[in-house]
Amino acid sequence: MSETIRVDIWSDIACPWCYIGKHRFEAGVAEFRAAHPEVTIEVESHSYELAPDTPLDFAGSEIDFLVKHKGMPREQVEQMLGQMTELAASEGIVFDFGRVKHANTRRAHRVLHLAKDRGVQPEVMQRLFRAYFEEGEDMSDPDALARLGAEVALDADEVRAALDSAKYGEAVDRDITRAQMLGVTGVPFFLIEEKYGVSGAQSAEAFAGAFEQVLGLVRGEEPVQR
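Going by full-length UniProt numbering, the first residue of the sequence shown is number 1, and it counts up by one from there.
Honestly, I wouldn't trust all of these hints.
Said to hold, decoys possible - Ranges between beta-carbon positions, derived for each pair:
#1 Ala153 / Glu44: 25 to 33 Å
#2 Glu151 / Gly183: 33 to 41 Å
#3 Val218 / Asp57: 25 to 33 Å
#4 Ala89 / Glu3: 15 to 23 Å
#5 Gly216 / Lys167: 36 to 44 Å
#6 Ala156 / Leu217: 41 to 49 Å
#7 Gly71 / Glu193: 38 to 46 Å
#8 Ala89 / Glu151: 34 to 42 Å
#9 Ala150 / Gly98: 21 to 29 Å
What the hints contain is simulated information worked out from the structure, not anything from laboratory work.
C-beta atoms are modelled at their ideal positions from N, C-alpha and C, and glycine is treated no differently.
Generate the whole structure from the sequences, applying the supplied hints.
Right, dumping it as structure tokens:
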């Protein structure tokens, strides 16, 4: 008999840990499903803005934003981002903070909700992550978002319309409000079966183990001691 485990994920395109967490989560899903091919992992992604105070017309790098707007010492920022770059590389992910344009991501989240309606949200999310962290695309630029969306089966004109759509703006707000009600203060955040929360970019093994535990609970089995 086919079984399904539902996972809701809150993340932000401009969050490096979310990109790494996405990669590890997908590896954990693959590991779990290799052992349980009869179980489907149903995923729905949700919006979360890490820096909603970013001006829509902000022009600067991630380093500029953290130094000028967050008051962090430049040397500390450069060291931190260097460590993040090395960690990402160990996961097969490219971070090029020399090219990253820090941006308000609200428009990108609207595009992701359009993509959800069109059934291509995972593909669009992956494209936006890569465009932001590797290619230096501006996630607040309508032209860039329309072009990137069109690369992944969205209609460019529809993407532009979504950027001013009240429907998609409200969808972003609902996601953020739900996260606040759940007590989410940072992302990535994973909610399994609407009951069990997993915070942060855990290892693939940790995600696979969490699915094992939840599957046992769903089946009414005794919890496995780890």
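Quick rundown of the hints versus the structure:
1. Between Ala153 and Glu44 the CB atoms are about 19 Å apart, so this pair departs from the stated range of 25 to 33 Å.
2. One distance hint, 33 to 41 Å for the beta-carbon pair Glu151 and Gly183, holds here, with the actual separation near 36 Å.
3. Between Val218 and Asp57 the C-beta distance comes to about 48 Å, which lies outside the given range of 25 to 33 Å.
4. Between Ala89 and Glu3 the CB atoms are about 36 Å apart, so this pair departs from the stated range of 15 to 23 Å.
5. A beta carbon spacing of about 39 Å between Gly216 and Lys167 agrees with the range 36 to 44 Å that was offered as a hint.
6. Checking the proposed 41 to 49 Å range against Ala156 and Leu217 shows it holds: the Cβ atoms sit about 45 Å from each other.
7. A hinted range of 38 to 46 Å for the beta carbons of Gly71 and Glu193 is consistent with their spacing of about 40 Å.
8. As the Cβ distance of Ala89 to Glu151 is approximately 24 Å, the hint placing it in 34 to 42 Å is violated.
9. In this structure the supplied range 21 to 29 Å holds for Ala150 paired with Gly98, their Cβ-Cβ distance being about 27 Å.
Checked against the numbered hints above, the structure breaks hints 1, 3, 4 and 8 and satisfies the rest.
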